[in-house]
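Novice: Spelled out, the chains give:
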Amino acid sequence: MGELPKKILIVDDEPQIRKFLSISLRAQGYLVLEASTGVDAVTVSGLELPDLVVLDLSLPDIDGLEAISRLRGCCLAPIVVMTVRTGDLDKIEALDCGADDYVTKPFGINELMTRIRILLSHSSASRVLGPEFRSGDMVVDLEESRVFRGGNEVLLTRREFETLRLLVKQAGKVLTHQQILREVWGPAHIHETQYLRIHIGVLRQKLESEPARPRFIVTEPAVGYRFQPAEEFNSGI
Amino acid sequence: MAERSDGNRPSPEALLDEVKREHFGRLKVFLGAAPGVGKTYAMLRTAQYRRREGVDIVIGVVETHGRRETEGFVRGLETIPRKKIEYRGLYFEEMDIDAILTRRPKVVLVDELAHTNVPGSRHPKRHQDVAELLEAGIDVYSTVNIQHLESLNDVIARIAGIQVRETVPDHVLQKADEIEVIDLPPHDLMQRLAEGKVYIPDQARRAMQNYFTPGNLTALRELALRYAAERVDEQMISYMRAHAIQGPWPTRERIMVCIGDDESAHRLVRTGKRAAERRQAPWLVVYVETSHHQTLPDEVKDNISAALKLAEQLGAETLVLSGEDVAQEIVGCARQRNCSQLVIGRSHRPTWTRLFRRSITEALLDRGQTFDVLVITSEETPTIVSRVSQMAKRGIVVVWKDYLFALALAAGAMGAAYLGDTMLQLSNLALVFMVAVLIAGVRGGLGPSILVSLISFAAYTYFFKEHRNALLYYNWRDVFEFVAFLGAAVVIGNYTAGVRQQVKATKHSARRTANLYDFSRKIAGEAVLDDVLWVVVHHVASTIQGRALVLMRKETGLEIVAGYPPEDQLDAVSGAAAHWAWNHGKIAGRGSATLPGSEWLFLPLRTARGPVGVLGVAMQGSDKLLSSEQTRLLDALAGQAAVAIERTTLVSDIEQQRLLTETERLRAALLSSISHDLRTPLVAIIGSVTTLLSYGESFDPVTRHDLLMTIQDEAERLNRFVQNLLDMTRLGSGALQLRLDWVDIQDIIGSALERVKKHIVKRPLDLRIAPGLPLLHLDFVLIEQVMVNIIDNSCKYSPAGSRIIIDAGLEGKTVLVAVTDQGPGIPENERERVFDMFYRVKTSGHQTMGTGLGLAICRGIVEAHGGTVSARSGSDNHGTVITIGLPVAEAPPLPSHLDETHKDEHLTDEHHTDEHLTDEHLTDVDVSLR
Chain A
49 MGELPKKILI VDDEPQIRKF LSISLRAQGY LVLEASTGVD AVTVSGLELP
99 DLVVLDLSLP DIDGLEAISR LRGCCLAPIV VMTVRTGDLD KIEALDCGAD
149 DYVTKPFGIN ELMTRIRILL SHSSASRVLG PEFRSGDMVV DLEESRVFRG
199 GNEVLLTRRE FETLRLLVKQ AGKVLTHQQI LREVWGPAHI HETQYLRIHI
249 GVLRQKLESE PARPRFIVTE PAVGYRFQPA EEFNSGI
Chain B
1490 MAERSDGNRP SPEALLDEVK REHFGRLKVF LGAAPGVGKT YAMLRTAQYR
1540 RREGVDIVIG VVETHGRRET EGFVRGLETI PRKKIEYRGL YFEEMDIDAI
1590 LTRRPKVVLV DELAHTNVPG SRHPKRHQDV AELLEAGIDV YSTVNIQHLE
1640 SLNDVIARIA GIQVRETVPD HVLQKADEIE VIDLPPHDLM QRLAEGKVYI
1690 PDQARRAMQN YFTPGNLTAL RELALRYAAE RVDEQMISYM RAHAIQGPWP
1740 TRERIMVCIG DDESAHRLVR TGKRAAERRQ APWLVVYVET SHHQTLPDEV
1790 KDNISAALKL AEQLGAETLV LSGEDVAQEI VGCARQRNCS QLVIGRSHRP
1840 TWTRLFRRSI TEALLDRGQT FDVLVITSEE TPTIVSRVSQ MAKRGIVVVW
1890 KDYLFALALA AGAMGAAYLG DTMLQLSNLA LVFMVAVLIA GVRGGLGPSI
1940 LVSLISFAAY TYFFKEHRNA LLYYNWRDVF EFVAFLGAAV VIGNYTAGVR
1990 QQVKATKHSA RRTANLYDFS RKIAGEAVLD DVLWVVVHHV ASTIQGRALV
2040 LMRKETGLEI VAGYPPEDQL DAVSGAAAHW AWNHGKIAGR GSATLPGSEW
2090 LFLPLRTARG PVGVLGVAMQ GSDKLLSSEQ TRLLDALAGQ AAVAIERTTL
2140 VSDIEQQRLL TETERLRAAL LSSISHDLRT PLVAIIGSVT TLLSYGESFD
2190 PVTRHDLLMT IQDEAERLNR FVQNLLDMTR LGSGALQLRL DWVDIQDIIG
2240 SALERVKKHI VKRPLDLRIA PGLPLLHLDF VLIEQVMVNI IDNSCKYSPA
2290 GSRIIIDAGL EGKTVLVAVT DQGPGIPENE RERVFDMFYR VKTSGHQTMG
2340 TGLGLAICRG IVEAHGGTVS ARSGSDNHGT VITIGLPVAE APPLPSHLDE
2390 THKDEHLTDE HHTDEHLTDE HLTDVDVSLR
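Going line by line, the protein sequences match chains A and B. At position 55 of the first sequence (counting the first as 1) the number is 103 in our numbering, and the numbers step up by one without a gap. At position 334 of the second sequence (counting the first as 1) the number is 1823 in our numbering, and the numbers step up by one without a gap.
Hints are all accurate, no fakes.
Okay, derived cross-link-like pairs now, EDC-like style, lysine to aspartate or glutamate, Cα gap no bigger than 20 Å in a straight line:
(1) A:Lys254 to A:Asp189
(2) B:Lys2246 to A:Glu256
(3) A:Lys153 to B:Asp2202
(4) B:Lys2251 to A:Glu258
(5) B:Lys2246 to A:Glu258
(6) A:Lys153 to B:Glu2243
(7) B:Lys2247 to A:Glu258
(8) B:Lys1664 to B:Glu1719
(9) A:Lys221 to B:Glu2243
(10) B:Lys2246 to A:Glu159
(11) A:Lys153 to B:Glu2203
Label pairs and their in silico Cβ distance ranges:
(12) B:Arg2147 to A:Thr91: 52 to 62 Å
(13) A:Ser72 to B:Ser2141: 53 to 63 Å
(14) B:Gly2298 to A:Glu159: 28 to 38 Å
(15) B:Ile2175 to A:Ser72: 20 to 30 Å
Read the hints as simulated data drawn from the structure, not as lab findings. Ideal Cβ placement from N, Cα and C applies to all residues, glycine included.
Construct the entire structure; sequences and hints are all you get.
Specialist: Structure below.
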């Protein structure tokens, strides 16, 4: 983050929430823009071209999902949506609509910061995945399609490896079941989550030291999975 | 009033009467001695006065009979148009009671109280219409002549020689608030008659001419005046009672009228009424039913019930006692009911029978020493003829058989006597014949035994005596023998007849009891209202061999709720009768006093708590009526049905009440929980924040951090509580929708542990998940919440740092997940209750930390998935194990291509063989799916 400070747009109708977010983000060296309505958000992002948008899904004027599509129409910045726990469907829809990640209200600021950091690093061209991905004692050789843990190779089937590759490529970012299924099994199978469950189970058996309490491949309830890079582990709230 | 003192409280009954009357309309009756005295005229004149005073007064029905002076008074008064009723092709006009009820005037004029309505009207009698108007709170002015009064009916018949058919029950006039006697001296009335000023219907002209004699008129006038005077007396007494004025009270003596099965019953009832009136005494009418009753012809039975009905109309209480000794029953009842005077009829049995048996009258006079016994002589001779013919008709078949049998017996006896005589040389052949007489008596009763005794005597005398073939020759010894034969025949025959009657009566009552027992047994077995109703209609229909239905009150009014055979709709008349029966709690419809033209007869189903419905019955033949026997059985059935119906509604009432109490309890618990669990974290947060704001500068970083951590922890606690409340609300309101998906239980446990890691991070955790558990079809987020709640709970109720064990395994078609803690455990009797809302285990020393919602939510969610949740103690009675059982659904559709993919799906060949990889993974997949 040496060069220009990144611009982050906060969209929420609650001034208190905007306030604590902007204080925290500024403290982290970001430039903060604020909007209280969806229409404002679209206008501001059209003018200011923020690097990332933090968007509340329940806005006073327009539907959160519509706000996402409108934002997508004017800028390509990643979007983190803020939602409540009961709105599982909202999260999935938002992610399908083009949002990149989500946090569930109430959330700790660290959680949001992690999401923002990962999304900014993904979107910036600076982070190009090399032929090798390392996380803790795990090494994924993307070119050779091989995986090592603690120096020992782990044998994976092709689909297992494809799944892992997908997760690793977007490490730290949530991937919905549908996104993984579409990529690995093809668009015809996007509703057959049972394939995915089995594969993830097997992957964990092979990769995790404690499969019941996975360190790398974490479950996002009802939404999908996320590859947690080693350094982010235990960095939640 | 001056006499009033503390001891003289108004009598409660009298006050109650007054209060009751306040809601009712007031009845004013213009009483005349004879037609033509000017009752209608007087009524209209009064009405005009009232109208001028501004009272809302209308004419319901007034007959002016074309008299001009009377018609003049009608002017200016609103008249409710009469209703046209068709009867046998002709139209009749009757008072439109519904129109009056709708119009609701203050006062309505209803002429001719004794009028009989045309069949098809609501009530057969106009005074019943008036009663309904009064009940609705409308005042009524009416007119009546003294000869129409029920209790004076026979007196007047004797005075004037005319039986008046249209009568008004005494109680109607007794309830009148005011009686105005319209008096005209007989002479003036005669003059008016001569001038043609008295309306007399053409067909009755001759009869009426005889009626209007000075003697008759004077007698009638006296009756009317005396009646009115008695009423005044009565009113004064009731006033004095209501106001607790001391007076020379007659003791509360009662008069008991005992009626028998003869024609004098009606006379006795009327006499009793007058005696009771004179003495201002309550009275009751009693009939003692013996086994003999069952053998009476129907018309006699009807006569008895008619007399009892008349007694009720006249205001008596009626009782039917049963027993064999009539006198004893009567005396017993009289003692029990404190009756001081008995009114009985004089027996009309032939005098010679008294030699053998005392009449009931005599027996009563003997036993009832402490009573005044009033014996009324019967003037008419009883119509025994009809009774005999009736019996002969019924008994004809039996009688033939019995007499044939008697002849055969006599022949047999003769044969036996002959054999005895020739072969055994019996000394006393009469004994052989006596045996035959006895057998005939036992088998056939009186008649056959007399027949046998006659034949036997003749045969014995003719064939077997020393002076055989000399029938005509007799001496005193023969006469004695003849009398002996006859005597034996009479005694045995009578006895047998009595026994037979008793058997018949017993059989009859046994049938009735069996019917009732059968009904109560059937009805007791049903708990649901619909089943009870079905049993009722089915049983009643088969008992009367007709149709039956039950109506109950619904939102829209009375509705048929059951019928056998099923019935959907009632015609208008039947519907009205059903409503009447419901509203008034009295029998209505076919054969009753109200709307007898209805096809159905309706009995109210009443219990002590009030009406529950109406039972309707209809006989198969349209003109058949229920016998009094059937009516009584129906009454009993209706009573039982009402109780059974009430029982089912009570059950649902109780259930509703229980739910209500439960809801109330939950509401209270919720309130206290919210106030406690919401406020406690807020207190900590606000306290910490204000501390930081005020003194933050002076604290070292560790203290500041500590306070900040407190705020964070408490905020999270608050968040959990709100989440729990939301979940509970969603569960409670049924808004919980399961988003079922194929999930791995291991995944759920891992995810849950991730969420509670703050609590368990400092605890040793044993995670024992059996390999190869099948995928489950459930809502990931909700089951994860269940796991979070259970683990959270285990942490809360066990010492910090103690071990938590999570087991997951397959048992049959269920995946069991058990969470074990090392806490103090849950007392056995509370284990079920921990899953109740707001239930918290009381722990000594431990502060209750939970909200009492967590486990309740678990149960709600798990049960929504068709699973189970339970609590038990851990091994060695140590700690608590909470186990959830989740059903394993049918395996998810896993197409064969999954296998194929494994075959061609492998990594670089250098590192491993295809076969190995494929095999390993196939088994892997298979295991996971099982």
